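J.: Chain by chain, the residues run as shown.
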Amino acid sequence: MRVSPMFLTGFSLVLVWGLIALAAPLLATHDPYAIDFEAILQAPGPAHWFGTDNVGRDTYSRVVFGARLALYIGLLGVIAPMLIGMTIGLLAGYFGGWVDTLAMRLLDITVPFPFFVLVLAIVAVLGPGIENYFIALALVGWVGYARLARAEAVVLRQAEFVLAARTMGFSHGYILLRHVLPNALSPIVVYMMTDVTLVILFGAALGFLGMGVSPPAAEWGVMIAEGQSYIATAWWISFFPGLAMVALGVGFALIGDGLARMLRIER
Amino acid sequence: MSALLRVQGLSVRFGSTVAVDDVSFELERGAALGIVGESGSGKSVTCRALLRLLPRSARIDGRAAFEGRDLLALPEPELNRIRGKRIAMIFQTPASHLDPLMRIGDQVAETLRKHTEMRGRALREEVLRLLDVVRIPDPDRWARAYPHQLSGGMKQRAMIAGALACQPDLLLADEPTTALDATVQKSVLELLAQLRRERNLSMIFVSHDLGAVAQVCDDLLVMRRARLVESGPVRRVVAAPRHAYTAQLIASHPDRLEAAPPAALSGAPPLVEAKGVQVRYGSRTLADLIAGREGGFIAVEEADFSVSPGESLGIVGESGSGKSTLARALVGLVRPRKGTLVFDGAPADPAGPGRIALLREMQLVYQHPYEALSPRLTVHAAIAEPLRRHRLCPRGAVDERVRELMAQVDLAPELAARLPGQLSGGQCQRVAIARALAFDPRVLIADEVTSALDVTLQAQVLGLLSRLQRERGLTMIFISHDLSLIRRLCNSVIVMRRGRIVEAGATAAVFDAPREDYTRELIAAMPHLEGSAA
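Protein chains in written order, with this note's numbering: chain F, 21 to 287; chain X, 79 to 612.
It is possible that some hints are incorrect.
Covered stretches of chain F (chain X as the covering partner; in silico rule of three or more C-beta atoms under 8 Å from a C-beta of chain X) [stated by the list, open to error]: (1) 41-53; (2) 174-181; (3) 187-195.
Treat the hints as calculated values from the structure; they're not laboratory data. Since this is a predicted model, take the numbers as computed values, not measurements. In this text, a Cβ means the ideal position worked out from N, Cα and C, and glycines have one as well.
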């Protein structure tokens with residue numbers, strides 16, 4: 021398999037962010053939570069590379085530490101929905117009949133509500149916090165994966181190599197794992213990569229609304245929210261975390277597109 | 079008289095791959111030229127290059143003078159005035175070349191609208207006339223139909239009607255009958271031959287089927303690996319091929335294959351037997367229950383047949399006749415609604431609990447070589463899979479057994495690490511056969527195993543199957559729409575139509591003295607090498 025340059029670019033970007041997150045204490049020039057009323061709203065300069073916010077916290081150090089939270093939220097947030105959705109989708113598509121009907125009705129219940137509104141509602145009921153955000157994501161986010169997995173499985177169920185496997189007397193479980201799953205995986209993985217971006221953005225948006233990570237935390241969404249009222253005078257408070265978010269998002273999106281190319285089977 | 083089309087030194091390159099290498103030919107007005115060759119030989123690319131219908135990455139060199147004007151050098155707008163109006167083209171899969179959201183009449187009218195001043199009533203009448211020319215019955219009704227409402231043959235006729243709309247001088251036909259059933263293919267070939275006579279239409283007919291080309295064309299080009307290897311009048315080429323490849327191509331035609339049916343009907347008690355088997359798809363809904371209907375739709379209405387050990391049974395029929403469904407019922411992919419299957423004297427239920435024991439005795443090989451193998455499993459893994467899953471041999475002996483099976487189907491050992499995408503169609507089919515043989519079955523069912531292969535590969539795979547049958551005393555069930563294959567391989571044959579067996583008996587009897595009209599029709603539709611050119 022040839023490694024696509026797109027994947028390589030994306031992977032390097034995400035890798036850089038991963039290293040930044042790991043080495044945050046070394047890279048940060050200040051304590052991200054240290055309030056310094058001597059240095060309020062300072063513009064980017066040699067002392068504070070990305071400037072300071074309204075209570076004098078160093079924006080650069082906060083962006084660096086924010087990478088930890090962003091990656092944590094993004095990567096952990098997609099795993100549960102992916103596993104749940106893929107399982108439901110594959111089973112529904114492969115077996116059809118009442119299994120399919122049941123899964124699709126379950127999907128119908130979830131789909132009519134806009135994704136974010138539903139996540140918001142669930143988090144509002146459960147109370148703010150990352151863990152509750154993860155629970156909400158698992159409850160709502162599986163639909164996308166389920167749809168993709170089902171569409172693939174419906175096609176694969178009729179593929180001659182799956183029929184051949186059944187003619188050889190292999191069990192359904194084995195066929196699903198060995199013949200259906202590997203061939204259904206590529207669109208799911210690609211979707212997962214774009215979903216990471218989405219989960220980070222929504223996480224940030226929840227932070228912005230005060231329902232995600234609680235305010236003092238160095239989280240990019242929270243930082244953007246805090247900088248909002250100073251946007252005319254101190255643009256850097258919101259700008260740098262925003263830029264970081266874009267860079268990480270582009271990285272994951274490139275990984276997704278690159279993977280899509282690499283996983284395509286040459287016939 | 080000067081030639082209508084004169085092609086000189088045509089070459090097409092995709093990057094570093096040469097698709098067509100220095101091809102030259104001439105076409106007189108009113109003549110028909112056939113281009114044959116296996117897939118990937120460059121025959122379709124040659125045809126498309128003439129109208130510059132190739133992706134941008136293609137580099138085309140040479141000259142193609144159409145009435146003196148070089149098609150390869152004309153500016154795009156001028157070429158557009160020739161495309162469709164002077165040179166029309168029809169394709170292999172009419173289904174994908176007709177717009178599904180457009181009525182047939184409108185599709186035919188499209189070319190007329192583009193190239194003529196005809197509008198309104200005159201346009202409509204011309205469309206109806208054209209549909210009549212291509213022998214579509216009741217044109218008034220079918221002009222209002224959408225493509226999905228038409229059968230494959232009708233779609234191909236509609237596409238020909240569209241191509242003929244502007245009375246072109248030259249018709250390029252790219253595998254126009256490959257996707258069609260035998261009887262439909264025959265009628266389309268007849269139509270093309272007739273159009274040639276009536277309209278003095280010149281034609282380039284691209285096909286891998288020498289028999290089909292022989293029916294329509296007077297001259298023949300044989301291509302192989304991007305090069306022209308032989309050209310000349312059809313009769314001469316068929317009778318006395320000059321190039322070794324042409325000779326091989328002709329020898330591979332089912333007409334010329336050596337008949338290799340195993341010993342005549344033995345009269346031994348049948349190994350596989352079906353009694354009154356009926357298969358329905360779909361389930362019985364509440365409405366069906368109330369109305370007292372069975373529900374679903376019938377794929378096989380009623381089938382009775384039997385095969386004795388060591389014999390081969392052919393099942394023929396057009397697409398939709400239920401022949402593949404019958405095969406699937408035999409290996410338990412669908413459960414018959416009625417009737418019983420008997421294996422070796424005992425009632426068998428391949429869809430039930432004894433399934434695996436039965437499948438060890440009876441295996442099925444599928445039609446599409448590439449699709450029948452999981453794209454992510456190597457050859458070795460694919461053949462080892464049934465051995466490991468069903469413990470068909472001791473764990474330590476798996477590798478040895480895989481090598482043995484590969485040798486039996488003439489696969490080179492170094493192919494073991496390849497993925498299906500890196501194999502040819504014939505090689506994939508061999509892997510599929512090797513997998514089936516891993517069970518050491520007594521019965522092998524071959525469902526259209528050769529219909530997706532080129533004739534030369536087809537001959538090889540059939541040779542392999544005959545050899546395996548002789549060596550292992552296999553009982554075979556061949557399912558095919560190709561009667562000439564069945565005739566050469568089977569001792570007995572059943573003919574299916576619309577889910578029913580219309581005729582059954584010993585092969586020689588059925589072919590020499592068919593009792594049913596439908597069987598006669600099928601036999602008459604077999605394309606022969608010595609077909610009369612129009």
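J.: Now look at each hint and say whether the structure bears it out.
T.: Against the structure, the hints come out as follows:
no., hint, result
1, 41-53, "violated (count 0)"
2, 174-181, "holds (count 3)"
3, 187-195, "holds (count 5)"
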